[in-house]
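Top to bottom, those sequences are chains A and B. Numbered per the numbering used here, the first sequence finishes at 219, counting up by one with no gaps. Numbered per the numbering used here, the second sequence finishes at 256, counting up by one with no gaps.
Treat each hint with caution, since some may be false.
Derived SDA-like pairs (lysine to any residue); straight-line CA-CA distance at most 25 Å [unchecked claim]:
(1) A:Lys163 / B:Val244
(2) A:Lys176 / B:Gln182
(3) B:Lys198 / A:Val134
(4) A:Lys165 / B:Leu196
(5) A:Lys206 / B:Gly144
(6) A:Lys216 / B:Ala229
(7) A:Lys206 / B:Arg156
(8) A:Lys216 / A:Val134
(9) A:Lys206 / B:Lys155
(10) A:Lys176 / B:Gly181
(11) A:Lys206 / B:Glu219
(12) B:Lys152 / A:Leu125
(13) A:Lys216 / B:Leu180
(14) B:Lys198 / A:Lys216
(15) A:Lys176 / B:Glu169
(16) B:Lys212 / B:Lys155
(17) A:Lys163 / B:Asn243
(18) B:Lys152 / A:Val150
(19) A:Lys206 / B:Asp165
(20) A:Lys206 / B:Leu196
(21) B:Lys152 / B:Thr246
(22) B:Lys155 / A:Gly146
(23) B:Lys212 / B:Gly181
(24) A:Lys163 / B:Glu219
Some residues of chain A that are not near chain B, with every Cβ distance over 12 Å (derived) [unchecked claim]:
(25) Leu110
(26) Ile119
(27) Gln120
(28) Thr126
(29) Gly148
(30) Gly159
(31) Leu164
(32) Asp173
(33) Asp177
(34) Ala196
(35) Lys206
(36) Arg214
Which stretches of chain A does chain B cover? Using the computed rule of at least three CB atoms under 8 Å from a CB of chain B, they are [stated by the list, open to error]:
(37) 128 to 140
(38) 178 to 187
Note that these hints are calculated values from the structure, not bench results. All values derive from a computational prediction rather than experimental measurement. Cβ atoms here follow ideal geometry from the backbone N, Cα and C, with glycine treated the same way.
So the chains spell out like this:
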Amino acid sequence: TQLLEQSPQFLSIQEGENLTVYCNSSSVFSSLQWYRQEPGEGPVLLVTVVTGGEVKKLKRLTFQFGDARKDSSLHITAAQPGDTGLYLCAGTIGASGTYKYIFGTGTRLKVLA
Amino acid sequence: DTGVSQDPRHKITKRGQNVTFRCDPISEHNRLYWYRQTLGQGPEFLTYFQNEAQLEKSRLLSDRFSAERPKGSFSTLEIQRTEQGDSAMYLCASSLVISGANVLTFGAGSRLTVL
Chain A
107 TQLLEQSPQF LSIQEGENLT VYCNSSSVFS SLQWYRQEPG EGPVLLVTVV
157 TGGEVKKLKR LTFQFGDARK DSSLHITAAQ PGDTGLYLCA GTIGASGTYK
207 YIFGTGTRLK VLA
Chain B
142 DTGVSQDPRH KITKRGQNVT FRCDPISEHN RLYWYRQTLG QGPEFLTYFQ
192 NEAQLEKSRL LSDRFSAERP KGSFSTLEIQ RTEQGDSAMY LCASSLVISG
242 ANVLTFGAGS RLTVL
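If we strip away everything but chain A, and leave its shape as in the complex, we get (with noise of 0.2 Å):
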């Protein structure tokens, strides 16, 4: 049962458009991260939200974690093709004290020149 559902699952825009990523659960997360995966490598972070309601920006990304701290969003301001990869939201979840870690279904971004 994958508890982080991600949409869209794949998305195509051309460059410069704005786009937002979803990051959905029914469980409560302590704190969510998102990550960038290029083909053949492992996930880099990009952000740790931690505050329900909390935005972060990092340059043209601009990431939002919901009130209840079940949600988050990314949102990317004129994607440029470097921004093509695939995109991860995970968190932390169980009970305190415990720390396992799940990963989103993913969203697969391709940014054309």
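Fit chain B to the given chain A structure using the hints.
For chain B alone, kept in the frame of chain A given last:
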């Protein structure tokens, strides 16, 4: 380089053979995780260790899979009697709690191809 190291990066084996992957975490990280990832999908949780204790195992970790972290440092993931369905990228990560958030750092992965 003090990142997470995985070895080998690529392994091609015949069905029925055993394979072992090694992961060397960041030295000050006490938690270590193993994941399996197939093409285009998010990584699937297999197991994690806190120091040398294996605290949780996924149902994906069948009897043919075993992971160890004998001294709380490096870890090994062994797959016995490999099947074609085991072909995947096996990712290792280690983690540290930073400002209340469990933050994982990943290795580059070990890609397994079972013929």
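Hints versus structure:
| no. | hint | verdict |
| --- | --- | --- |
| 1 | A:Lys163 / B:Val244 | holds (18 Å) |
| 2 | A:Lys176 / B:Gln182 | holds (21 Å) |
| 3 | B:Lys198 / A:Val134 | holds (21 Å) |
| 4 | A:Lys165 / B:Leu196 | violated (38 Å) |
| 5 | A:Lys206 / B:Gly144 | holds (21 Å) |
| 6 | A:Lys216 / B:Ala229 | holds (22 Å) |
| 7 | A:Lys206 / B:Arg156 | violated (31 Å) |
| 8 | A:Lys216 / A:Val134 | violated (30 Å) |
| 9 | A:Lys206 / B:Lys155 | violated (32 Å) |
| 10 | A:Lys176 / B:Gly181 | holds (24 Å) |
| 11 | A:Lys206 / B:Glu219 | holds (21 Å) |
| 12 | B:Lys152 / A:Leu125 | violated (37 Å) |
| 13 | A:Lys216 / B:Leu180 | holds (15 Å) |
| 14 | B:Lys198 / A:Lys216 | violated (34 Å) |
| 15 | A:Lys176 / B:Glu169 | violated (30 Å) |
| 16 | B:Lys212 / B:Lys155 | violated (31 Å) |
| 17 | A:Lys163 / B:Asn243 | holds (20 Å) |
| 18 | B:Lys152 / A:Val150 | holds (23 Å) |
| 19 | A:Lys206 / B:Asp165 | holds (19 Å) |
| 20 | A:Lys206 / B:Leu196 | holds (9 Å) |
| 21 | B:Lys152 / B:Thr246 | holds (22 Å) |
| 22 | B:Lys155 / A:Gly146 | holds (21 Å) |
| 23 | B:Lys212 / B:Gly181 | violated (34 Å) |
| 24 | A:Lys163 / B:Glu219 | violated (41 Å) |
| 25 | Leu110 | violated (8 Å) |
| 26 | Ile119 | holds (17 Å) |
| 27 | Gln120 | holds (21 Å) |
| 28 | Thr126 | holds (18 Å) |
| 29 | Gly148 | violated (3 Å) |
| 30 | Gly159 | holds (16 Å) |
| 31 | Leu164 | holds (15 Å) |
| 32 | Asp173 | holds (18 Å) |
| 33 | Asp177 | holds (16 Å) |
| 34 | Ala196 | violated (8 Å) |
| 35 | Lys206 | violated (5 Å) |
| 36 | Arg214 | violated (6 Å) |
| 37 | 128 to 140 | holds (count 3) |
| 38 | 178 to 187 | violated (count 0) |
When held up to the earlier numbered hints, the structure conflicts with 4, 7, 8, 9, 12, 14, 15, 16, 23, 24, 25, 29, 34, 35, 36, 38 and fits the remainder.
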